[in-house]
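Engineer: Residues per chain are reported as follows:
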Amino acid sequence: MEAVLKNVASAVELLAVAAHTSDAVSQWDEKTLSRAFHWARYCEYVYTRFHTNSAGRRVVEKQLQHTNARLRDAFTDYREVSFMDLPRCEHLLLLALLSNPQLPISTMKILFGKKDVTSRHYDYKEVTGLCSHLIQCKSACKVLRPFSGLSAVGADAEVQGEMLMKRLDALLSQGSDPQQAEHFLHSVLLLSEEAAHHSCLVITAALLTASDSGTQTSSHSFLLNWLQKEHGVLQHMGSTLPSAVLKDLARAHGKFRDAYFSALKKWASEMKYSLNDGEWLPEGTAPSLSFQEMVEHFSDLFDACPSLRRNAEDELLALKILDGDFDARGLSVWGDILSELKK
Amino acid sequence: MTELQQPLSQLQETSEPLLNAQKVQFWLDKAVAWDRAGGAHAQKDICRHLRGLTDFLKQVLAQISNIGSTAETVKELPFLGQILGRLCWNPYVTVGDTNRGLLLQCLWGLYSENPTNAVERKANQWIRKVLCRLAAEEDNPAAEILMKNTCVPPKEYHLRVLKKMIKQHQENIGKTCCPKKSTDPSCRCSCDVIQTTSEAFVPLIDCPEASPVICSLLQHPGTSFIDALSEDFLDALNSTDSSLALDETALVSVWYHSLPRLEEAVLDLLKSVISTGSAPQNLEQQVLKTQLPKACAQHCSMFLVVNDIFRSILRQAEGNLVVQSVIQTFTRCFLKELEELEPRTSTSLKAFFPQSPPSLLVPLLTLPSG
Chain A
1 MEAVLKNVAS AVELLAVAAH TSDAVSQWDE KTLSRAFHWA RYCEYVYTRF
51 HTNSAGRRVV EKQLQHTNAR LRDAFTDYRE VSFMDLPRCE HLLLLALLSN
101 PQLPISTMKI LFGKKDVTSR HYDYKEVTGL CSHLIQCKSA CKVLRPFSGL
151 SAVGADAEVQ GEMLMKRLDA LLSQGSDPQQ AEHFLHSVLL LSEEAAHHSC
201 LVITAALLTA SDSGTQTSSH SFLLNWLQKE HGVLQHMGST LPSAVLKDLA
251 RAHGKFRDAY FSALKKWASE MKYSLNDGEW LPEGTAPSLS FQEMVEHFSD
301 LFDACPSLRR NAEDELLALK ILDGDFDARG LSVWGDILSE LKK
Chain B
1001 MTELQQPLSQ LQETSEPLLN AQKVQFWLDK AVAWDRAGGA HAQKDICRHL
1051 RGLTDFLKQV LAQISNIGST AETVKELPFL GQILGRLCWN PYVTVGDTNR
1101 GLLLQCLWGL YSENPTNAVE RKANQWIRKV LCRLAAEEDN PAAEILMKNT
1151 CVPPKEYHLR VLKKMIKQHQ ENIGKTCCPK KSTDPSCRCS CDVIQTTSEA
1201 FVPLIDCPEA SPVICSLLQH PGTSFIDALS EDFLDALNST DSSLALDETA
1251 LVSVWYHSLP RLEEAVLDLL KSVISTGSAP QNLEQQVLKT QLPKACAQHC
1301 SMFLVVNDIF RSILRQAEGN LVVQSVIQTF TRCFLKELEE LEPRTSTSLK
1351 AFFPQSPPSL LVPLLTLPSG
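So the protein lines, in turn, are chains A and B.
Position 307, counted from 1, in the first sequence is what this note's numbering calls 307; the numbers after and before it change by one each time, with no gaps.
Heads up, this note's numbering is the position in the second sequence plus 1000, with the first residue counted as 1.
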């Protein structure tokens, strides 16, 4: 353990030197560069080894605090390195070097050079072409993004959903405070108007990741509980996601099916009949779904979950009776929904 | 068929003509227009011009080397910085190895190791800034936040997204099935998929991660019988400098669609035998390894092209024993492959040798026994 702590301290120091605009970096050649990235890779290994081991993690964190304090005194504008930064050390090193005007141009050329053409797969340990490959991947994603119709939610959301689930699994399996997991969800699932749609896609992808372990099932459950509390998100999902996706979600998760059904009932209850338009219109906080769309949502839900249908129809009938059991159109949204569903 | 007047000198480099103001203005206008239109809308136009852009960038690079000083280059080509800058932010340009490599070389060419004036110092700063932003900037705030909170580095994230996109395209191609007869009306939708996908992958022809889709497109049964591949895709395939990592079926498909590629493969074989001086026992292995005999046995049209190349070379390299032995070995391998083909798929010998009287063919092509 002592050796590990010493190595972590050295790696963090190296990162500080890389960022600092002194003569040290101006001496960096390919060998130094290679070694530096090797150290950054070591930090990733330390994270992988200790992130589920809380005792080990605490020891590493203590070392990091100590090293940060020392480096804060030695370097101006020092950026502290936390335990959570360790798996991204390679990227932090790259950022530090690229922003450092002292980095020799010959060394920079190595990073942007052509990667080894004899090897089909990018060799992680090799620094040649590191930036070139990154630019290529980012560009390729941008070029292919307009063709994202091949997947219900898009490749970005799918990968982000996987990342979200993996982190959630880790947080929940560590036995840490559930508030930490909730805080994580709040931090990453941006709910501003612009970001809401994308967040819905990520949540959908996360819920549809194959659940083949107990950990993932409880993570799905946690996410669904969180979703039920975030009415705005569920509302957005219900009103913007394609029906095929909503059906998949309802089929995969009983909790989603029930939450979605409750949400649909709530939105339907807020509709008001307009005599002028001869139609039920959404009002208040309900999403702007037309009556026909509302009926389609109920119909799709019952298609996806036949077990729900009978009880649900009984429930809607009970609501219609409460409204006065009228058959004429426009008097009870429940009656009108039921008669559309029977068609 | 292309006229092969001097096949072995085909690969000689010719010096690039210098840039003129008109050419520079053309590419400046293009770079600005592509920027303004935004990626997807300008896609077709960009794809059409990628090859021309490669030539232009080669000329720029030559000019920068000729001039030798950044300050002088900026004086002579005042819009160069703007052009290069805009192209750096165009993913259709930076996705392919060739154009990205040339763009970077142009930037290195403009970098002064020991700047002596303000222009050179400013150019240096700009180049470092552009490179830093290209590698480090994330344009998706949601993804960036998630990366930080899930400890996933950008390199891993973008590679995963790309691999997923590639896989989805492959699955999409795999889902389509195209019967061999082109008159079958149900062929239409799968041809649309092949057409659209090949169009989308034009800028990725020399992006190694894209090779599974390129192979799938080339191997798809439909593409042998119906020209579903986009013209721009075939053009890009013809003109890319980089070697594509293709398996046997895809390679044969490339030759089927691209005459220059087939010619190049034949010339490469001759060059490698002549330069390495293969021992006779290794020659057969070398020839078989190229897949040319097999490809020619499967496709008569390919054989006719290869045959013409050999005839032309024999005429020029008269008496060259190495060339003769390559051709003899090739013929032997070709005949063996032809024999091994299923009888119903093999074409009659007359189709392969239309000029020769049939009575001569059989004895001439019979290998001596023993």
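Everything labelled a hint here was simulated from the structure, so no lab data went into it.
For glycine and all other residues, C-beta sits at the position ideal for the given N, C-alpha and C.
Heads up, a few of these hints could be off.
[Unchecked claim] One side of the interface only, derived from the structure: several residues of chain A facing chain B at Cβ under 8 Å:
#1 His91
#2 Thr128
#3 Ser132
#4 Cys305
#5 Arg309
Engineer: All hints, please: hold or fail.
Structural biologist: Now the hints, each set against the structure:
1. His91: 4 Å, holds
2. Thr128: Hint violated; threonine 128/A Cβ to chain B Cβ min 13 Å, cut 8 Å.
3. Ser132: OK, holds: serine 132/A within 8 Å of chain B, min 7 Å.
4. Cys305: 27 Å, violated
5. Arg309: 31 Å, violated
In this structure, the hints that do not hold are numbers 2, 4, 5, in rising order.
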